Amino acid sequence: MSAIAGPASTRAETEGLAAAGTRAKVKPRRRRGTAQGIRTGISALVIVVWCLAPFYWMVVTAFRDVGFTFDTTPWITHFTWDNFATAFSTKLGNHLGQALLNSLFIGACVTIIGLLVGTFAAYALARLDFRFKGIVLGIILGASMFPGVALITPLFQLFTNIGWMGQYQALILPEISFVLPLTVYTLTSFFREMPWDLEEAARIDGCTQAQAFRKIILPLAAPAVFTTAILAFISSWNEYLISSQLSSDATQPVTVAIASFAGSQPHQEPYTAVMAAGTIVTVPLVILVLIFQRRIVAGLTAGGVKG
Amino acid sequence: MSAPEIVEPAARAPKPPVRASAKKVKRGERRVALYLIAPTIVLLAIVIGYPVVSAIIMSFQKDAGLDSATGMFVQGGFAGFSNYAHWLFQQCATTGGGTAACPPGNLGSQFWNATFVTFFFTVVTVVLETVLGMWMAFIMNRTFKGRGLVRAAILVPWAIPTAVTAKLWFFIFSVSGIANAMLNTQILWTSDEWASRFAIIIADTWKTTPFMALLILAGLQLIPEEVYEAAKVDGATTFQRFWRVTLPLVKPALMVAVLFRILDALRIYDLPAILTGGGGGTGNATTTLSILVVDQIRQGFNSASALSTITFLIIFIVAFIFVRFLGANVVRTQESQQKGKL
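Chains as they are written, first to last, in our numbering: chain A, 1 to 307; chain B, 1 to 342.
One chain only, chain A, in its complex shape (with noise of 0.2 Å):
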């Protein structure tokens, strides 16, 4: 089991949902030489370091007074806020605050969207059996995998021609395109493993379907549709190709800022701000992600899907 899981509450949620509990159920494996386990010891170091020490170096270079920038101590030398400041300031033309705003915006649009429609989709295609259950599930994963490039020029015309360009709406529309079907194929999968059997004796008891579904199942459904949310959330908060493109300086997210983030010189990079930035926008996901490990992992390999 893991150490950091999140609250208690968190876990009994999650296991309550996870396949009634099988997960309690994982063997502790073969017990091991000492010689095995070091060399276990060893890798599983190797893989934290890996994993951790490129963000780690963005958050200490975020700290780091400009000036030694390029200082290679391990650690927070020559502390400072100012990096966050430059990153805020609108002076140089960048407009991190704004584009902030813009993603909760965006992400929480078209989260809504996805959930909302996704939802239903995702009731039938895991508990109701018609024709071309199989064919429509191809689709819905076919479109999460559709390359967005092949979307864009169409798009880039068509809202030039009805003004959208740079508009909200322009830039929630196509994330659509990823968004539902990586909901709709999540829940699925979700729904597969809920209690069922309490909706069948909801309507033992005289319940509509539609009756079971709202009293019975939707509450049992919310950790899967939280989960869900989050990860929705997150591949629109990662979303570049296609907001590089469409958005203007008014309404681009923060992926676009910080790519395009600009320096008081006109060819030198401001590294130090633009860690500043990234910090900023990927620790509270970090933090997120970490609190909701178990969940988000059981959503990511049952969805298939990359941020």
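Keep in mind that the hints were calculated from the coordinates and are not lab data.
Because the structure is a prediction, the values reported are computed rather than measured.
Where a beta carbon is used, it is the ideal one built from N, C-alpha and C, also for glycine.
Mixed in with the good hints, there may be bad ones.
Stated by the list, open to error - Only some residues are given here: those of chain B computed to face chain A with a beta carbon under 10 Å: (1) Arg-147; (2) Pro-210; (3) Val-245.
Dock chain B against chain A, hints included.
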């Protein structure tokens, strides 16, 4: 592998007297299913179907602009396959309706290079990520103190937006950055032809191996301990247990993970676009197909549409080959995986 465990209420009524009502329930269920699925399909048709169809239509239209052969401004019109020829054979349209070799500096001349770069990235990153991901999954599948820490750490690269990842590695790989300081070298990671390609491969491997490892781990956890015990009793060596037991059993999960990664790698855009400014080397060492499409958009929608359609077809064909001949059954594998655990 216990997929149809949940039996539908209707299907559980085989007795003759209730057959008629069961049929009715079934029909009602189908109608409900249709209503529930329709919004998703309609929305996907708008956000994916419409752009794809209109890209295909656009790709057969001429771009209005200066004729490369005569220097005169020409209007658009039906183009036939000339936009495709532009990319595949580097042929530009002339006023006479014929085609001629494109002048140098034209984006069309970069097509095959971009195809090579895209496939090079795909093959190298997917192989690296599969091997490393497998190794990480094996480690995480063992019981040891701090396993929770490893599992948490592995999610960090995944959670960081690719755009931030690109900026982060841009800093690490800068001339006086930490990579050169640690290696004691002066490599121009973001501008040298091969160094910039490897910079992208390293950054991509860092960012996506965790995803791979998690998918493989999900497959590994399905293998019951008894299978290993049995193999051990039969005298199988560690290597044999891996090759003859683990690998065949984890293969379905592995195939799906590899398929997802291949499709994802073929559309790579964010990393090369930001880390090396879409260029690197002499200007196109890291130009992938996706970057080329974006470069082309502002030079002519119709030609860009042809290229994006070609890119889409390439990805589609690769996926088809993979599913058809290597038997990656995405839907079934994932269904059995969820039954198993997590």
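For each hint, the structure was consulted:
Hint on Arg-147(B) holds. Least Cβ distance to chain A is approximately 7 Å, under the 10 Å limit. Proximity of Pro-210(B) to chain A holds as hinted, the smallest CB-CB distance being about 7 Å (cut-off 10 Å). With a cut of 10 Å, the hint placing Val-245(B) at the interface with chain A is violated, because the nearest CB-to-CB distance is about 14 Å.
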